[in-house]
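Read top to bottom, the protein sequences are chains F and C. Heads up, the first sequence is in the numbering used here, so the first residue is 6 and it goes up one at a time. Heads up, the second sequence is in the numbering used here, so the first residue is 6 and it goes up one at a time.
These are calculated hints, taken from the structure and not from any lab test. Keep in mind that the hints are not guaranteed to be accurate.
Calculated pairs, BS3-like style, for lysine-lysine (alpha carbon to alpha carbon, straight line, at most 30 Å) [claimed, not checked]:
1) Lys210/F with Lys277/F
2) Lys404/C with Lys361/F
3) Lys357/C with Lys150/F
4) Lys115/F with Lys105/F
2 protein chains.
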Amino acid sequence: MNSKYEQIKTLHFKIFPNAVPSKDSAGAGLNQTETATASVSQILFSKKRLLERCYPGSYIINSYLLRALRKLEGLVDFHMQSIGAQRILMPSLSPSHLWKDSGRWDLMGKELFRVEDRNDNQLCLAPTHEETVCSMVANHQLSYKSLPLLLYQITGKFRDEPHQKHGLLRGREFIMKDLYTFDENETQAKKTYNMVVNAYENIFKELSLNVIKVAADPGAIGGSTSHEYHIESAVGEDTLKLCDKCGDAVNIELYTDVHQPKNCQYGSCTEKRRTVKGIELAHTFLLGDRYSKPLNVTYRSKENKPEYTYMGCYGIGVSRLLAAAVEVLSTSSHMKMPRVISPYQLVIIPQKKGYKFEETLHIAEQVYDELERIPSTRGEVVIDDRFNQSIGQRIRDAKLMGFPLALCVSKQALASEGGDETVEILDLYEGESQRVALQEITSYLSARVATVQHHLV
Amino acid sequence: MNSKYEQIKTLHFKIFPNAVPSKDSAGAGLNQTETATASVSQILFSKKRLLERCYPGSYIINSYLLRALRKLEGLVDFHMQSIGAQRILMPSLSPSHLWKDSGRWDLMGKELFRVEDRNDNQLCLAPTHEETVCSMVANHQLSYKSLPLLLYQITGKFRDEPHQKHGLLRGREFIMKDLYTFDENETQAKKTYNMVVNAYENIFKELSLNVIKVAADPGAIGGSTSHEYHIESAVGEDTLKLCDKCGDAVNIELYTDVHQPKNCQYGSCTEKRRTVKGIELAHTFLLGDRYSKPLNVTYRSKENKPEYTYMGCYGIGVSRLLAAAVEVLSTSSHMKMPRVISPYQLVIIPQKKGYKFEETLHIAEQVYDELERIPSTRGEVVIDDRFNQSIGQRIRDAKLMGFPLALCVSKQALASEGGDETVEILDLYEGESQRVALQEITSYLSARVATVQHHLV
Numbered sequence: 006m007n008s009k010y011e012q013i014k015t016l017h018f019k020i021f022p023n024a025v026p027s028k029d030s031a032g033a034g035l036n037q038t039e040t041a042t043a044s045v046s047q048i049l050f051s052k053k054r055l056l057e058r059c060y061p062g063s064y065i066i067n068s069y070l071l072r073a074l075r076k077l078e079g080l081v082d083f084h085m086q087s088i089g090a091q092r093i094l095m096p097s098l099s100p101s102h103l104w105k106d107s108g109r110w111d112l113m114g115k116e117l118f119r120v121e122d123r124n125d126n127q128l129c130l131a132p133t134h135e136e137t138v139c140s141m142v143a144n145h146q147l148s149y150k151s152l153p154l155l156l157y158q159i160t161g162k163f164r165d166e167p168h169q170k171h172g173l174l175r176g177r178e179f180i181m182k183d184l185y186t187f188d189e190n191e192t193q194a195k196k197t198y199n200m201v202v203n204a205y206e207n208i209f210k211e212l213s214l215n216v217i218k219v220a221a222d223p224g225a226i227g228g229s230t231s232h233e234y235h236i237e238s239a240v241g242e243d244t245l246k247l248c249d250k251c252g253d254a255v256n257i258e259l260y261t262d263v264h265q266p267k268n269c270q271y272g273s274c275t276e277k278r279r280t281v282k283g284i285e286l287a288h289t290f291l292l293g294d295r296y297s298k299p300l301n302v303t304y305r306s307k308e309n310k311p312e313y314t315y316m317g318c319y320g321i322g323v324s325r326l327l328a329a330a331v332e333v334l335s336t337s338s339h340m341k342m343p344r345v346i347s348p349y350q351l352v353i354i355p356q357k358k359g360y361k362f363e364e365t366l367h368i369a370e371q372v373y374d375e376l377e378r379i380p381s382t383r384g385e386v387v388i389d390d391r392f393n394q395s396i397g398q399r400i401r402d403a404k405l406m407g408f409p410l411a412l413c414v415s416k417q418a419l420a421s422e423g424g425d426e427t428v429e430i431l432d433l434y435e436g437e438s439q440r441v442a443l444q445e446i447t448s449y450l451s452a453r454v455a456t457v458q459h460h461l462v
Numbered sequence: 006m007n008s009k010y011e012q013i014k015t016l017h018f019k020i021f022p023n024a025v026p027s028k029d030s031a032g033a034g035l036n037q038t039e040t041a042t043a044s045v046s047q048i049l050f051s052k053k054r055l056l057e058r059c060y061p062g063s064y065i066i067n068s069y070l071l072r073a074l075r076k077l078e079g080l081v082d083f084h085m086q087s088i089g090a091q092r093i094l095m096p097s098l099s100p101s102h103l104w105k106d107s108g109r110w111d112l113m114g115k116e117l118f119r120v121e122d123r124n125d126n127q128l129c130l131a132p133t134h135e136e137t138v139c140s141m142v143a144n145h146q147l148s149y150k151s152l153p154l155l156l157y158q159i160t161g162k163f164r165d166e167p168h169q170k171h172g173l174l175r176g177r178e179f180i181m182k183d184l185y186t187f188d189e190n191e192t193q194a195k196k197t198y199n200m201v202v203n204a205y206e207n208i209f210k211e212l213s214l215n216v217i218k219v220a221a222d223p224g225a226i227g228g229s230t231s232h233e234y235h236i237e238s239a240v241g242e243d244t245l246k247l248c249d250k251c252g253d254a255v256n257i258e259l260y261t262d263v264h265q266p267k268n269c270q271y272g273s274c275t276e277k278r279r280t281v282k283g284i285e286l287a288h289t290f291l292l293g294d295r296y297s298k299p300l301n302v303t304y305r306s307k308e309n310k311p312e313y314t315y316m317g318c319y320g321i322g323v324s325r326l327l328a329a330a331v332e333v334l335s336t337s338s339h340m341k342m343p344r345v346i347s348p349y350q351l352v353i354i355p356q357k358k359g360y361k362f363e364e365t366l367h368i369a370e371q372v373y374d375e376l377e378r379i380p381s382t383r384g385e386v387v388i389d390d391r392f393n394q395s396i397g398q399r400i401r402d403a404k405l406m407g408f409p410l411a412l413c414v415s416k417q418a419l420a421s422e423g424g425d426e427t428v429e430i431l432d433l434y435e436g437e438s439q440r441v442a443l444q445e446i447t448s449y450l451s452a453r454v455a456t457v458q459h460h461l462v
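Looking at chain F on its own, in the form it has when it is part of the complex:
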């Protein structure tokens, strides 16, 4: 893979694994019945085969979409790191005795995938890791001086979901960021809780998503204080009562039918609440000693006495967040993502093969090389090398793929007598276009590309 041409050729596979039509006649990876009930993100991901079903509720994520997922992971890493959380990696399999200690072996019922090893030991595929992290931390002689302790991971989780639905929105295998916190007492734990909540809000802000914070039911996890973060969407599976005036929201799960709050009760607000559907993106819990007691996670207090740590746990459904963002920002013919996590920031589209093709390709490659030299655009640019398609066809495809920006090098780009060479830069998300002189491209673009550093933490 040395020549320029080879390099471009590999991009062909990278972006367009489906450049050839798929076997199923709909050409969309979904059959007609499925398309009728599919969500927008599911349709878009299937159309371009960014996501392919492996078994019900479980998907292969192809390279283009995986870039978005990994950028999102990097963003989450950054915000976890900024509050002093340490990234660790726990195994997926967890021995049953820990779950029996916590009481969840029976409680989790059919949601838990159970496995027996060759020695008839019972294990489960962990949907969440309170038991595992507690079994480790219990072996450390924690002192009050080493608290708060914040440990998280970003890994695949498993849940034998009876109602898997809408692709990445509700699957049986999914990517989750799970954070576990250990504090001295409730007062300290609440400080930690607020710090994490603040980090979550920064994540959603960086993604420019309108996320609703909702008081929630702690459910099977156990514990006291709990909030969910939802995004409003018709395909959401939770029903929320939202006050548009003050922004307060509750999940109706918390109320019996007769006691559902029709009007806001937040502060002095009495506005009528609106009923909306929400997709749950994240969940925060104060757990108290729900797990630290049965699993014996203690620390030495100032008085040198063993005390149970006061725990919290905090999840973000990372793969679901990616799909939900696409769900609310897109239509079924135009994919949009938060710009910071878009797989690539820019696609360069030279003229179709024919008159003046070579010249426009030359300019396209020149621009590509130049943008590869600039840190903010390096690795963020691809050339669409399907040269047998018109620029218009490829722009439509760029919209389906979710590119924020397209740079078109048409015949008109070439300098006329005494004129400058210009290209057209389209902001596909805003629906704007601008003709830009060749020598001004880098300064024009560097103000317009969104980047998220891929942090190693």
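With chain F's structure known, arrange chain C on it following the hints.
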């Protein structure tokens, strides 16, 4: 976490989760019996609790060691990307019908963790993904024009290993890079094979590891050509016959007892072969149509006829490679890693609390800030804030932790009348030390830190 002090304080947790002694009396996470049979890497990882056992053959990787693993992943990503391979993400669970189609459902026996879902469907936790990747690629109408197609992932794999041993060297859950290649025919597949082999050799070169390429037994995977990559180590589980003269090696598994080659037969070489133990790090296979035929992975040839793709598969045991590198480079009191993947490049050690402590801490923080501004050292430096320990104690610990470089700011660092402020920089791997003037630190270090970019591919 705003103040400088808080920032440093979090590093305390990050590097030294075990600053307090662990509960078990050996203080090493291993009991006496275990220590007697443990490998060097296992002892080192346990001493500093970088690795903690969750169940036999399965470990929690703590944040410090995870940084090394993620750097190694980044290195592997880079070299896979450079040959045009696309990173994808496949689920861990794989439906039994695919494994029945390939014939491995029975063949894999007890090594396969098997799971039943709530609808009594049989699944397995995939130790390798030929079946899954084939089921996807079979749904694409591949043309000869879209070949070679190279797809890989870096994920946790599962094997119900009867002889789990030596921590990350042989576990039941482990991180593997698995690449699957699709070609038109054997000739093309051999070109791809050589390209991948070349990338593997570049990876080992970048890690400065002496790796032995061995003709191997294709085993349960099936197929024809196959090579293993081993590193020589007393704890290795394979026996190799190595010719020190020409470097050729074979795995004795390939031979019956009476036919074991005592002397080299490579080219005209007849040197006596040495028997060595090897840890297998990587494996490459040409598979032919072993999987593409039963799973129907075809492409349209130039003549527009459907033909089976000629496959290859290529694994690197990423977590094992990390442990094996530590195994061969270290002693049980001094951990060394390939410099490019060391979690941090430099630890700064200020004076112990007492006379002139504040002044040395001030210099330490100044140096830290300066190195954070330079791309090659940003994020690669920590201050050892266990200020109640002597510099000597902390240097011993820095050796146990595997830091390549230590920068000590002792009382002597402070400028005497008319003199320059100097610090001592220790190359802990080479056992060298150098006194360097404050204003020369950055230029001195930038030539000595090893970096691997964390690539997003």
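A quick look at each hint next to the structure:
1. Lys210/F with Lys277/F: Status holds; Cα separation ~27 Å.
2. Lys404/C with Lys361/F: Since the Cα atoms of Lys404/C and Lys361/F sit roughly 63 Å apart, the hinted pair is violated (cutoff 30 Å).
3. Lys357/C with Lys150/F: Status holds; Cα separation ~19 Å.
4. Lys115/F with Lys105/F: holds (15 Å)
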